[in-house]
Each structure stands twice: as structure tokens, then as C-alpha cells.
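In order, the protein sequence lines correspond to chains A and B. Under this note's numbering, the first residue of the first sequence carries the number 1, and numbering increases by one thereafter. Under this note's numbering, the first residue of the second sequence carries the number 1001, and numbering increases by one thereafter.
Derived from the structure by calculation, the hints contain no laboratory data. Certain hints may be false.
Claimed, not checked - Pair by pair, the computed Cβ-Cβ distance ranges are: (1) B:Asn-1203 / A:Lys-119: 40 to 50 Å; (2) B:Met-1001 / A:Glu-219: 52 to 62 Å; (3) B:Ala-1014 / A:Glu-192: 50 to 60 Å; (4) B:Val-1142 / A:Glu-252: 13 to 23 Å; (5) B:Arg-1136 / A:Glu-219: 46 to 56 Å; (6) B:His-1204 / A:Arg-140: 13 to 23 Å.
What the hints assert, rightly or not - With a straight-line Cα cutoff of 30 Å, these simulated DSSO-like cross-link-like pairs (lysine-lysine) come out: (7) A:Lys-173 / A:Lys-186; (8) A:Lys-173 / B:Lys-1168; (9) A:Lys-195 / A:Lys-35; (10) B:Lys-1168 / A:Lys-195; (11) B:Lys-1007 / B:Lys-1056; (12) A:Lys-173 / A:Lys-35; (13) A:Lys-207 / B:Lys-1168; (14) A:Lys-195 / A:Lys-228; (15) A:Lys-119 / A:Lys-3; (16) A:Lys-186 / A:Lys-207; (17) A:Lys-11 / A:Lys-173; (18) A:Lys-35 / A:Lys-207; (19) A:Lys-228 / A:Lys-11; (20) A:Lys-186 / A:Lys-119; (21) A:Lys-119 / B:Lys-1168; (22) A:Lys-207 / A:Lys-119; (23) B:Lys-1168 / A:Lys-186; (24) A:Lys-119 / B:Lys-1056.
All values derive from a computational prediction rather than experimental measurement. All C-beta atoms, glycine included, are put in the ideal place defined by N, C-alpha and C.
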Amino acid sequence: MSKFSQALAAKDFVLTVELDPPRGPELGPLTELAKELAGKVDAVVISDNREAHARLSPLMAGQALVQHAGAEVVMTLTCRDRNRLALTSDLLAAAAAGVGNLMLVSGDFVSLGDQPGAKPVYDLDSVQLLQLAAELGQGRDLAGGLEGPAIFFLGASLAPEARPLGPQLIKLKKKLAAGAGFLITKPLRGLEGLKEFASVAGELPVKLIAGLEVAAGAEPAEALALAKEIKAAGLAAGVHLAWPGEPQRLPELVGQL
Amino acid sequence: MIVAQRKPFAEIAAAVAGHRRVLVAGCGTCVAVCLTGGEKEAGILAAQLDIAAQLKEREQAFGVACVERQCDREFLDELAAQVAEHDAVLSLACGAGIQFLAERYPDTPVLAGVNTTFIGINDEVGVWGERCRSCRDCVLTVTGGVCPIALCPKGMLNGPCGGAEDGKCETDRERDCAWTLIYQRLENTGRLANLEPIITARNHQASLPGRQVHPAYERRYSAHE
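Work out the full structure: start from the sequences and follow the hints.
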């Protein structure tokens, strides 16, 4: 059982942050930042070519943070850039690197990134990727038996503000059936969508973490206020903070919660 | 039908530059219906190429032909005499027609005059929309007659991604989210239960070159006796 899954089970409110691997080969600053955050948050979520911009592999970044920053890592893996063979191989590598938690998502489409002509893969969708990771936990890949299991705590994303909600609820049900053990929402714009989602979806069998993002150039006051309200009103089991423009200010932000 | 778009004139002009006598070969079926490569378009393109050649004082001649379908051997045979009189053929058929023409006349350079865009429908006058990726494993019965492979950029099989907003796609807020359409169609027809089972990883062997033989012809094309 991963430390993060234990924290999520034991605590009333968890705190996670999102860090992007560098757009270069130097892992030092990321490791230093993760060291600073490690004692303050329950997990560091490493993004995977966020918004379809190429970055250093989340696998290598995840390994570095586990080994050198003492961080509890959640590695994001998207369906956009890898077929089922590459996904399987990276998942096995993640287990070998000591990464015990995954965030398995479809991934922003390539046309939203800086290389819109790249071939989008999507050999599996996010539900099928969850199925694959769950199979690895049983010592099998999609073709059959492996030499040993790769056990992970599986996370999935949720878009509570997307409308209509019906299709999202169908997808959520499938993600849960496929083995998702926790959910992190897409960055929320407010709390109305989340509240409406909760009233329609009812009680969920897994913990839901509310995603918040400080937009580039913005001050964190709005995200901080939302986070405090979510915590006070018990709208989610925790908050996931991203500040892609100024990640070095995340420790300061986390300190205020 | 198969929809195609004529290549930019400059690209075509550059491709034919090295040939003195070029036959512009239209196709009378799909590309004629989408106003790209039929007899009329072949004639117009030949005239444009002719003018461009004259302006550049290049000695070139452009013939025009059109057959019913370039994807059928018997129609391609009709071109034999004209192909023999030219140094190259500029085909305005879809990619299949261009290849079959090149296969039928292997000693003559065959050039592409169009980009084949998709298998689609005639949405409105002059407007075509993609509907099918010929994936060889049709899910339309389950998905309410709306294809998630052709209409969802990610080809999601188990529901929308998180990028859908107000029924629109993350790649373009003018583009309908295929999964919203699927949901609405199934809801309207009382078939939402269709979406409950998880569709597992697909068989992508469809990316191998296809070939099919009609059952009635199996004996003819089976191992020679």
C-alpha cells in the first residue's frame, strides 16, 4: 500500500501539488523544490508532457524525486504519446523506480501543444489504461502473464464542471470499475460545478481531490480562497494545487493551508 | 463516399514541370461528386496548366481524359491509347484510383493532383464531413450511429475525455463532442444501457493492408488446383 493511499484513507484532508519536469535535462531544481515540498504535502504529482509540450520523462523525474527528494510521487501517464506496449513498459519501469501511485489520463490533444503536427496515439483510452495498470497489479499485461506484479495506487481525472454531466458520469463509472482508487478533478473555475456534480453523483466509493490552478501571471489569492472553502465545507477529500508559471512559490502557498 | 481536395496549383505545376505531354485524368465517381476531380475539374486544371506553361514559355501539352472509376481495371483499360500518347498522367482520383492507375500503366509516371481527405457525407451544398475511418471493427450499433473513432479526435471508446465543455470538443469549441452526440442519441432512443460495458482495447491489426474476397468468389481465388 502506498503512503499516499494510506494518507488518503487516514486524513480528513490531503494536500497534493503538481510539478512539471523540466524542458531540459537538468533535474536539480525540480529535486530541490520537491525536497522543500516533501514534508508539507501528501504527494507530488509529476505531469506528463502537460498541455502537449514535450518535457523530460515523468518516469525519470519520478525516480529522481523518490530517490533524492524523499517525495511521495504520483506519476501521470497519458494515452496521447504511447501505445499499449510503451505504456506497459513505462508502467513496469515506474514500479521498478519506486513510484507507487499513478494518475492515468487520456491527455490533452496534440493540437493544443507546441507541436500540433505530432501523431496522436491514443491506442488505449483512459479507462483501458486503468484496466492495463490493474492487470499489472495482478502480474499480467494485456496479453498474459508477466514475471511479477507491478502494484500501484491508481488515480483518474474527473471533469465535474463539464456539461452535460451524463456522459461524464458514465465515464466515471467505468473508471471506478476499471480500478481507479482516487480522483483528481481538472482545475476548477469555481465551486458551483463541483457542488452540482456532487448532488447528481451522490457519494463516491473513492476519495475525490479538488484540482486548483494558479493561472500564469495571476496571484494565488483566488485559488487559496477556493481551497480554504473546499476544506472548511468538506467539499472534497483534499486539494491538488498547480502553479505552472511559478512552481517555486508552491511551498509558500501550501504553507497557507 | 471518398472526399478529396485538389492540391495547391503551385505543387501540381512543380510536379508536372519535367514532363512535356501530360494527361490530366479525372475520375467520374466520388471525386466528381465532391467537385474536385471529375471531367469538368480535369478540363479546368488542364487549361490552367496550359496557360501557366505558356507564361513560362515552356513547351508542354496537356490532354484531358475522364473514366467512370479509376479504381476498376475495366475502366482504366479505356485510357490505354491516351496514356500511350503522353509522358505522364496527372490523376485527380482518390489515392486508391491514383495507385491503381499507376499499377495498370507501370511504365508511365503517374502524379497525384489531389489530396484524399476522408470517407464522408455531403452535409450541405458544397460541404462535406468526415464520418468513417474504415477501421474494420464497426461500433456504430453500440454508439447510436455516431462514430467515436472518426468524430472524436482521441478516438475515445468509453466516454468523453475531460476536455469536453458544453458539448463541444477541446480541440475546437465549434466542434461537437462526439461523446455528447452519442449520449444524446442513445438517451433519445432509450439505449443508454449500451454504454455500460467497458469496451476493451481494440484490435489494431486493421493497420495492415486490407484485402477482401467476396464469398461467392472464394473458390476462384483460392489456391490454384
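Hint check:
A hinted range of 40 to 50 Å for the beta carbons of Asn-1203 of chain B and Lys-119 of chain A is inconsistent with their spacing of about 19 Å. With their beta carbons about 55 Å apart, Met-1001 of chain B and Glu-219 of chain A fall inside the hinted range of 52 to 62 Å. Against the hinted window of 50 to 60 Å, the Cβ-Cβ separation of Ala-1014 of chain B and Glu-192 of chain A comes to about 57 Å, which satisfies the hint. Between Val-1142 of chain B and Glu-252 of chain A the beta carbon distance is about 50 Å. The supplied range of 13 to 23 Å is therefore violated.
Restraint check, Arg-1136 of chain B to Glu-219 of chain A: a C-beta distance of roughly 53 Å satisfies the suggested window 46 to 56 Å. For His-1204 of chain B and Arg-140 of chain A, the hinted distance range of 13 to 23 Å is satisfied, since their beta carbons lie about 20 Å from each other. Proposed proximity of Lys-173 of chain A and Lys-186 of chain A is supported: the alpha carbons are some 17 Å apart, at most 30 Å. With a CA separation close to 21 Å, the supplied pair Lys-173 of chain A and Lys-1168 of chain B stays within the 30 Å bound.
For a cut-off of 30 Å, the pair hint linking Lys-195 of chain A to Lys-35 of chain A is broken: about 34 Å separates their Cα positions. At roughly 22 Å between alpha-carbon atoms, Lys-1168 of chain B and Lys-195 of chain A fall within 30 Å of each other, so this suggested pair holds. Under the criterion of a C-alpha separation no larger than 30 Å, the hint pairing Lys-1007 of chain B with Lys-1056 of chain B is consistent with the structure, at around 20 Å. Annotation: proposed proximity of Lys-173 of chain A to Lys-35 of chain A is violated, straight-line Cα distance about 36 Å (limit 30 Å).
A threshold of 30 Å between alpha carbons decides the hint, and for Lys-207 of chain A with Lys-1168 of chain B the separation of about 28 Å falls inside it, so the pair holds. Simply put, Lys-195 of chain A and Lys-228 of chain A have alpha-carbon atoms about 15 Å apart, close enough for the 30 Å limit, and the pair holds. Proximity of Lys-119 of chain A to Lys-3 of chain A is assessed by CA-CA distance (about 36 Å); at most 30 Å being required, the pair is judged violated. In summary, the hint linking Lys-186 of chain A to Lys-207 of chain A is supported, as the alpha carbons are separated by about 15 Å, within the 30 Å threshold.
Annotation: proposed proximity of Lys-11 of chain A to Lys-173 of chain A holds, straight-line Cα distance about 25 Å (limit 30 Å). Proximity of Lys-35 of chain A to Lys-207 of chain A is assessed by CA-CA distance (about 26 Å); at most 30 Å being required, the pair is judged to hold. A C-alpha spacing of about 16 Å is found between Lys-228 of chain A and Lys-11 of chain A, which places the hinted pair at or below 30 Å, so the restraint holds. For the proposed pair Lys-186 of chain A and Lys-119 of chain A, the alpha carbon gap of about 24 Å is at most 30 Å, so the pair holds.
Only pairs whose Cα atoms come within 30 Å are accepted, and Lys-119 of chain A paired with Lys-1168 of chain B is accepted, the gap being roughly 22 Å. The suggested pairing of Lys-207 of chain A with Lys-119 of chain A is violated, with an alpha-carbon distance near 34 Å, which exceeds 30 Å. Among the hinted pairs, Lys-1168 of chain B with Lys-186 of chain A is consistent with the structure: their alpha-carbon atoms are about 16 Å apart, no more than 30 Å. As the CA atoms of Lys-119 of chain A and Lys-1056 of chain B are separated by approximately 39 Å, the hinted pair breaks the 30 Å bound.
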